[in-house]
Each structure stands twice: as C-alpha cells, then as structure tokens.
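Participant: Fit chains B, C, D and E with the ligands to the supplied structure of chain A, relying on the hints for placement.
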Amino acid sequence: MWEIIISSLPSLIEAMLKYTIPLALISFAFGMIIAIGVALIKFLNPKINGLLSIFWKLLRLVANFYVWIFRSTPLLVQLFIIFFGLPSIGIKLPPFTAAVIGFSLNTGAYGSETIRSALMSVSKDQWDAAYTLGFSTPQTLWRIIMPQAFRIVLPPLSNEFIGLVKDTSLASTITIAEMFQVSQQIAAQNFQPLLMYVEVAALYAFLCTILSVLQHYLENRSSKFIKGDGN
Amino acid sequence: MWEIIISSLPSLIEAMLKYTIPLALISFAFGMIIAIGVALIKFLNPKINGLLSIFWKLLRLVANFYVWIFRSTPLLVQLFIIFFGLPSIGIKLPPFTAAVIGFSLNTGAYGSETIRSALMSVSKDQWDAAYTLGFSTPQTLWRIIMPQAFRIVLPPLSNEFIGLVKDTSLASTITIAEMFQVSQQIAAQNFQPLLMYVEVAALYAFLCTILSVLQHYLENRSSKFIKGDGN
Amino acid sequence: ACGKSQSETKTPGTLTIGLEGTYAPYAYRKDGKLTGFEVELAKDTAKKMGMKPKFVTTGWDSLIAGLNSNSYDVIFNNMAENSKRKKQFRFSKPYVYSKSVIITKKDSKIKNYKDLKGQEVAAGTGTDNWNNAKKMGSTPVSSPDFQTSMNMINQGRVSAAVNSREAFEYWKKSHKDTDLTYKTIPNNVIKPDAIAPMMNKNSSALNKKMNKALDEERRDGTIKRLSIKYFGTDITNK
Amino acid sequence: MLKIKDIKKSFGKKEVLKGISTIFPEKKTTVIVGPSGSGKTTLLRSLDLLVKPDFGIIEFDDLKINFSEPFTNKTANALRDKTSMVFQNWNLFPNLTILQNITEAPIYVQKVNKTTANKQAHELLTEVGLDEYADAYPSELSGGQQQRISICRALAVKPEYILLDEPTSALDPEMETQVLEMLERLSDQGQSMIMVTHNMQFAKNAADKILFIENGKADFDGTKDEFFSTSSPRVKEFLHGISLN
Amino acid sequence: MLKIKDIKKSFGKKEVLKGISTIFPEKKTTVIVGPSGSGKTTLLRSLDLLVKPDFGIIEFDDLKINFSEPFTNKTANALRDKTSMVFQNWNLFPNLTILQNITEAPIYVQKVNKTTANKQAHELLTEVGLDEYADAYPSELSGGQQQRISICRALAVKPEYILLDEPTSALDPEMETQVLEMLERLSDQGQSMIMVTHNMQFAKNAADKILFIENGKADFDGTKDEFFSTSSPRVKEFLHGISLN
Ligand SMILES: Nc1ncnc2c1ncn2[C@@H]1O[C@H](COP(=O)(O)OP(=O)(O)OP(=O)(O)O)[C@@H](O)[C@H]1O
Ligand SMILES: Nc1ncnc2c1ncn2[C@@H]1O[C@H](COP(=O)(O)OP(=O)(O)OP(=O)(O)O)[C@@H](O)[C@H]1O
Ligand SMILES: [Mg+2]
Ligand SMILES: [Mg+2]
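Residue numbers (the numbering used here), protein chains in the order written: chain A, 4 to 234; chain B, 4 to 234; chain C, 22 to 259; chain D, 116 to 360; chain E, 116 to 360.
Okay, chain A solo, but in the shape it has when bound:
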C-alpha cells in the first residue's frame, strides 16, 4: 500500500504544482477583481443623472444577471459551456484559459455578494465622518471603508478560496490533467481507486490546511486594530 502511495506521489504533486495551485491562484486573483467591481456596481449609488444614470442602471442589471446565472448553475456546466460551447460562436479558448475564465467568473459571482455585504456592514457613520473631512467617495471607499470591510470579508473569502482549490478538480472535464484526474489515471493502472482517492484527498486537505493557517494569520494581522472590546 505505502509503495503505491509513494510511487504515485510525484505525479500527483507535479499535477498540483502545474495545474491545481496556479489555476486556483490566478482564478482567485481575477475573481476578486471581478467581485470588487461587481460589488461596487451594486453597492454605490452615484449621484448622476441623464444618460449616465441609465447606463448605471443597465450596468447594475447586467451585474445582477451575471451574479444570478453563475450562482444558480453548476460550475461544471459553466466550464463545459465556456470550453466546449463558445467555439460554436467562434471563440476558441485554450483549456487553461477557459478554466481560468470559468473559475474567475464563478468566484467573482460568489465573492461579489460577500464583498457587497461587508461594505454594507461598515457603519454609515464612517462615511459621514469621512465626508465631513472632505474625502471624496472613492477616497472614502479606498482609505476608510475597504480596510474595514477587508477584516469582515476575510473569513468568508478565505473559505471561498479553499472551496476554489477543491473545485479545480472539475478542470479535468475540460482536458486539464490536474491532480484529481491524474489520480484517476493512476488508479486505472493499479486498480486502487479508493486508495488513490484517499491520497488525493489528503493532498487537498494538506493544501487547504495550509491555507487555513494562512487565513488565521491574516485575520490576526488584519484585526490588530480591534484590540479592546471594539465599540
């Protein structure tokens, strides 16, 4: 048994380093950019009128639709459509790109809701305090609201990232030989699918645990300004 585990480890780790981790990291980075953008579109209520305000309403409609569609359909299907479906309308993406796009859009949809609710949870008073000092809306967002929202958003976003790491296993359906697929291929030879599954589960657990530790470290750091009771 140990022999099987050890002999399969190098291929699994290679797949992890080559696909699982880069996929998760890159997709999460892009996902967060999307999430912040969408969260702001839904959160802000800029004082504009005329055409601009119609445009903003449209933007918000698109954002709502995007969040709805990506949260209410299975990720597997999303990947499938992006990779196998888009070519039929002339958009052909390499597998890795397609995977990054799919995972980013999915993470972006979930993340945007998390970020929006964190923004909303920062007291309205903080906005008043900033405005009275002359801060503009973007300045207030960036210097006052976002740092406070960050602390709130960290635990749920970390969970989403951990979820994403595990979800990368779905990339196998769009021809990416990530860790999970490699484990299946090895199992085809040694006929120990269960053992291979446990092994790959352990590797995921390992990754996720490292991430959790990192999350706690970040949480502690980011909450350094909440020393007393807070108030």
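Treat the hints with care, since some could be wrong.
[As the list claims (entries may be wrong)] Here are some, though not all, of the chain A residues that point toward chain C, as calculated from beta-carbon distances under 7 Å:
1) 32
2) 87
3) 143
4) 175
5) 196
No wet-lab data here; the hints were simulated from the structure. By construction, the Cβ of each residue, glycine as well, lies at the ideal position given by its N, Cα and C atoms.
Facilitator: Chains B, C, D and E with the ligands only, in chain A's frame:
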C-alpha cells in the same frame, strides 16, 4: 434543437423529482441537525468538571476534527469513500443512504461553522439579560439566542442549501441516476452534450431561483422584529 | 468547424489525440507517464503520418464535446463503431475488435446473457457497455471506472458488469485470487465491437492519412505486437 | 435582607474587588457611586451571579453562598431568583414583542399560567403608560421607553431586589427624566433597589444609603446625608468632579 | 460668517425643518438646543451638507448655495471645507492609528506634506494631553479620549467652524468633564463653534448665542443671557424639563 430539448425534459424532470430534490431536502435536514449539534459543542462552555469535562473536551476534539476533515477534502471523495470504501470495513450502504450520509455530513460541517458564528454574533448581553431573569442555559439558547441567530444565519444557510442542490449532481458517481447523470445518458445517445448541459443548467437555475425567492420571503418574515433602525 | 482546409489539424504538424487515460490497458498512467495500448498505437500512428503526437486527457462526459469543439483531432478511446456514432462522426479503420463479456462472481446465478434480464449491471454512463447492458434487458448502473465496477460486483451492489474481455483479463493479472469470472456473449447477440479512431465528419483528408498509417501498422505487425503486449492475445481481427 | 462579606474578584491578574462587605437594606434604595473602573458594575453583577466572585459570602435571609466552598446549582438559582438586573443598554429581547419580553420569564421560568402572566404584564405596562405598545417590538420604541419596559421585565419576576447599572446613562435628558421618575416612584413604593449611578440628583432625591467604591474597596458606606456632608477628601473630590453635570 | 436662510428639509412626507434662518457669528460659540426630534441634528448636518436641504440658502462670505437651484460639486466642496463635524459617537476610523486619524484628511484631501501634517497632529495631541497615544488604535482609548481625538481630527483640517452634535452625551460624567473643558478652552481661543447639546451648564459657561429649535422652527434666537431670562413659556418649560440633570 427544440425537439431534443423537449423530448429529454420528462426524463430530466423525473430524475429531479425522484433524486435531486429529495436528496437535497433530506440531506439538508439531517445536515442541519448535525450542524446545530456540532455548533453547540464548539460554542457552549458548560460549567462541569471531572470526567464530564474531559468528555466534553474529547467531544470538542472530535467535532473539530470532523469539521476540518469534511471542509478540507472534496465532496466527491467523501461520497466515494462512504459508498465504495466503507464496505471494506463491513458497512455496506445503499446508494441513496450513502449519498444522504455524505451530503449530510458535508453540509453539517460547513453549516456548523455558519451557525456557530451566528451564535457568537448574538450579544453577550442577551445571555446576561436572560440569566438575570432566571432562564437556564438551554432555555436561553432556545428562546432567546437561537431566534436571533436564525435571522443572521438564514442568508448563508440558504446559500449553502442552494449549493447543496447543485452538489447533488455528484451523486451520479455513486450510481444514483439524478438529473445530471440522466442528462449525460441522454447526451451519450444524441451526441449533443452541450445542449444537454445547457438544458440541465436551466433546470438547476430554475430550482435555485425558486429557492432564492423562498429565501427572501423567509428573510423578510424573520426580520419582522427589526422594524426601526434596530439598536 | 470552420477550419481552413479539411485536412488541417488543430495544430499543424501535430496530431492531437483525445482520450480519458483512465482505462487500463488501453490508456492509463504509470510512473507519471501516460501509457497503454492506445497511447502507444496513437504515437506510432502519428509518427507514420509524419506528425508529432500530443495527448489530451479528459473525462468521458466531455470526450465527444471536445471533438465537436476541435479540442483534439481524433479520439483513441476504445471507441466502438456504431450506426449512431457513424452518423455524426467519421471512423478510421478498426485497430482491434473488442469482445464484450459479462463479468460476475464465480458462483453467480447468471450463467449466460439471458439471465441478465432485470439484473443491475455496472457500466460507464453512456458507454457501449451501458448500451449493451440495456440491449440484454438489464438495468445499467453507472460506474466511474473499471475497478469500481469490480468492487460493485464484489460488494454485491450489482450482479454483473458488462465490459471488454481484454480489460478484465488485464485486471485479472493483478488480481490472481479473484472471485470474479466472465461469461461470453454470443456474437449474434452482441457483435464484437470494431474499435477505431474517431474524428469529425469533415476530417476526410486526415482520415485518409490515418487509414494509410493504420494499414501500414497492420502490415508491419505493430498493432499485433502491441495487442499481445497489452492484452496477451491478438485481438486485431474479428 | 441581602448581605455581602469580603467579596473579592480578579480578572486575570487584576484584582477588581478587594474585599467588600456591606448590607443592602430591605425596602430601601442603595446607590453605588465611584469613579470609572472602580468595580461598581462588577460588584452589582456579583449580586446576581453574572460574575462569580473568587472569595466571600453572599447571604440572603437563610440562603448563603460562600464562594470559597462549592455550592449547588440549586442554591445559586435560589439566590438569583431574589434579584433581577436592569441594564444600562436595557437589553430587551429584540425577537420578542414588548408583552412577550415581560411574560417570557414568568411563563417559562416561574411557570405562571399564561393568562395570569399576560394580565400582570398589562398592569405593569399600564402603570408605566406603555400598554399601547404591548404588541410592538423593542426596536419600535425610544430608548427611554425601552428602559421603562426593561424595568417592567425585571419587576415581572417579582424579585426582592432590583439591581440597576447606570439605567439612564444611555438616555438623552428628557428620556432620562421619564425613567428616573419611574424609579423614584418605585423607591417610594418600597421596592428594594440597588443602583449604580452617576446621577447625584437622583441620589439626593431617592437614595437611602450610599456606597462609594474606589479602586475595588468601599471607601464610604452610610446614609445619603452622611455622604453629602462627609469630610472625606476623596468623596469631596469625586463630588466636585461630576458637579459640572 | 456663516448664514442660513429659510432652510427646509423633509424626510419623506415629514417636514423636519420648516424654514430656519439665522446667522452663526464668527469666533463665537452658538449652542442649538431643543426637544428630541425637533430637527437639531438635521440642521447641523445641513451645514456640512451631510443632509441636503430641499430649499433655502447657505452663505459663507462670498460662497453661496441656493438649494432650489443646481449648484456645482466644486461649490459644495468649497462650502464643506469651511466646516467640520464632531459626532456624538466620535466615529474615529478604527482601522487607522490615532495619528493617522488626524493626518489622513490633511495629507490626502488637503495635500499637506506628510511631515508637516504629522507635526501639526502631534501638536494637537500634545495640547489635549494624548500624544502618548499617537500610535494606538481608537479601540484602545476610552470614550472621552476618543472624543477628544475626534475634535483634534476635526481641527486638523483647519475648518472655519466646528460643528458638534451632542459631543458628550455618550460619555460618562468624568469623561464628559474632560471633553467639555477642552471645548471651553477652544471657545475661549475664539474658535467658531456650533454645538447641539443638552448640557445647560456648558451653554451657561461657553455659549455666546443660543438657538432654540422646536418642531423644525427656530423658536428662540438670541444671546445666552436673553435665553436664560426669557419669558417664553416654551423655553421655560424646556429648561425645567432637563433641570433634573
Ligand atoms: N470581564 C472582564 N474581564 C476583564 N476585566 C474586566 C472585566 N469586567 C471588568 N473588568 C475590569 O474591571 C475593572 C472594573 O470594572 P467595572 O466595570 O466593574 O467598573 P465600573 O466601576 O463599573 O466602571 P464604570 O463606571 O466605567 O462602569 C475595570 O478595570 C475593568 O476593565
Ligand atoms: N434620515 C432620516 N430619514 C427619515 N427621518 C429622519 C432622518 N433623520 C431624521 N429624521 C427624523 O427627523 C426628525 C428630526 O430628527 P433630528 O435627528 O434632526 O432631531 P434632533 O433634534 O437631533 O433630536 P435628538 O435630540 O433626539 O437628537 C425626527 O423625527 C427624525 O425621526
Ligand atoms: Mg460600570
Ligand atoms: Mg440629534
């Protein structure tokens, strides 16, 4: 195209009604029971000593381990091990039972963290207020804290339920012919996997949207006691 | 499906081959490398066509979708010719003839294909085995891989599995003391499957080149050699 | 009669109560004053066992808890039944209506039957002029109204002593007036009360006894008149410090 | 000099300000008083454009906003620069240190260079005796300390007028004393201030002018001495209502 969609619809809806929905509902119900239990084990700090307190510490250790393991390994692997792995230690479960156990344990692990953090977010003052009136800990939990936590916990738990509905597609790996597998079977016949995937995605979206509407209804009802600004 | 020239492959000069890579002895991973009968055969075929082989592995569910979207040029994945598939896709010349068998426990009540009626039988979702199991009046139950099918029989979750004899023979090599055996299915019930490379309908030029290469491999004994190497017998003919 | 003897309490290494002994007379109002952080809240919470002292004795008639010995849950509950706390931020239960806030404990803790409990609650509400809000939720009421409700809630369990921790400090002046008037009325009716407050006007009007705590110790313990005429320099300084108010 | 003319504001159907005109004298302290809900906060917030009136004019020297006409963002910002608000709950930025709380606006809004901003912040902190907390976070300070910091923060942008909305009502008496002393000092130094407060003692000590608002209207507008000796029955009633305090 429409012909294919319409002709496949009855089998898909049958699979949805027979497996997808019952699986999600039953697993969520059990999952919540587990989640509440585990959340309480981690949340409560009963004033006991001697053997009982050692037992409680042990219980908490087990709870922590359970949450950790189920949150850091892919659900697919969990199902696989429960269904195909447990027989090797003499526990043979029918597919539906195995699926319910797998999904319940998974939902329970995630849900317990959600519930625990909701319990923690109810002000310590509410406990004091109840204690001073003579409520016991279980009474306070049940009559005062839980109703307040419920309101907080509703949005994230609804999201977890929606996630579960989509995750039931993984039951196909343990031989359950749920909606997603049926779509694959049909696709293998008509060679229109993309079309079938889009169709099944639409069905999932339909289900999830109904659930979201329900969620909003529940949220509105449960927050009826927050009429003014709250305070 | 809007390529410039019909014979053009996904990448010029490269033959991109789609397969699952999770089905021994056809294709699987050993010591970190993809290998197996179909892997070696596809490599040799590409060489004979003057092209570089490139393998793309993907799940069974998306194997056909990948062909539709030109993610690869050809599938070498134990793909059996049948009329439905032929309508949509183009098959090159068969390289082996795979015999479906009924795998059961030695003491099973299932003595021949007729006993299969009403029984639950393990097979991959939407595979030929799945269709064959259905054809014989049994209820197919989805199984993700070969070993799992065997486990399902052993655990009594299904009464049998329909799969290729070669796969079973290969598996038996590493499970000598197994309790499982197989029963053949008469050719008039289920014909031996002609296994051939499968490609898009519009790849006729590619098909021509591939057929030439396959003919050559037949002539110089490559296919036979690989068959014996991986299956232990020669299954290159009907 | 409620008595404490040599109550000590530390949080971590910090000794917050350094041995306080006193008597809280029945049907009288005892006011606890002292600088911020001196331990007033901790002492008050000890009386209701929301804080568990490390050392000392609490006695109520023939009930007695000695914190250096083990005591049963039953004794603790019996003692706790004698007192009921009113909090600075009132802490009504936001998920219950005003009526339910008041009847919850009588019904579920004291097993009073529902009709009786409701009737008594309505009487209390009528007395404080808030009966029309019986079916409202706390968030619909002003701070002063909520604080009056919370006093009703405390009274509903018929405790011997009502404990109040700065019950008006989170209220604006007009609300404060409402609540203080209600408390003075209660005091006049002979309800035993123990109250932490900075409101010297209230102390002057309603207190029978004053306990001045400084740095975890009872620096003064006597009648109101003694307190306001004491020669203790520390008390004088304290009274001066809050005179601006 | 800051002047307002006929300021009106409704929230939904409720008219909260029903046309208020007055002058806020320079280098003087104007105290706004009135019953709860009368519109004091709304009026004060209007001066800083945290609330946008529906009607009326705000004038500051040659700057002028007429709310029934469109006005540019530039004018609004220019007016807003003249004032700075101190809030009841201080509202320090919890994610920034004390020093950063004070320097953030000078550096990022007024583009003062960092060294200068820090120097000035330390001067302000020293003045209020809190320089040692420069690198602490707000949550590490008491309420009274935080409120003093929030006044420093408002002063740091060098506004013409400091607006204060019940700056001591969330503080306990000793903290309140600290903050009020600081404000009296500022008032003596000739800082223009407009303050909503219930603290009549402070009004007596430091106010130059008093504006009494009732039900969205200015019922009294005059000097402190006029106010405390007025014969207006409503003002007398009001003064009586908060006398207990
Ligand atoms: N749960 C606790 N954990 C640690 N320290 C505490 C706790 N409760 C109170 N303290 C500390 O005990 C000391 C006394 O607190 P207490 O609340 O009793 O003072 P107080 O007299 O009520 O002051 P105030 O007038 O400000 O309410 C303070 O230094 C406080 O920080
Ligand atoms: N944002 C708002 N939306 C709706 N109504 C509001 C809003 N702000 C204030 N009001 C209402 O306007 C009225 C005046 O409120 P305001 O806060 O100005 O009173 P105030 O004089 O400051 O009272 P207090 O002394 O209690 O602070 C109140 O009835 C209040 O409910
Ligand atoms: Mg206190
Ligand atoms: Mg106000």
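Participant: Against this structure, judge whether each hint is valid.
Facilitator: We went through each hint and held it up to the structure:
| no. | hint | verdict |
| --- | --- | --- |
| 1 | 32 | violated, 26 Å |
| 2 | 87 | holds, 4 Å |
| 3 | 143 | violated, 47 Å |
| 4 | 175 | holds, 6 Å |
| 5 | 196 | holds, 5 Å |
When each numbered hint is compared with the structure, violations occur for hints 1, 3.
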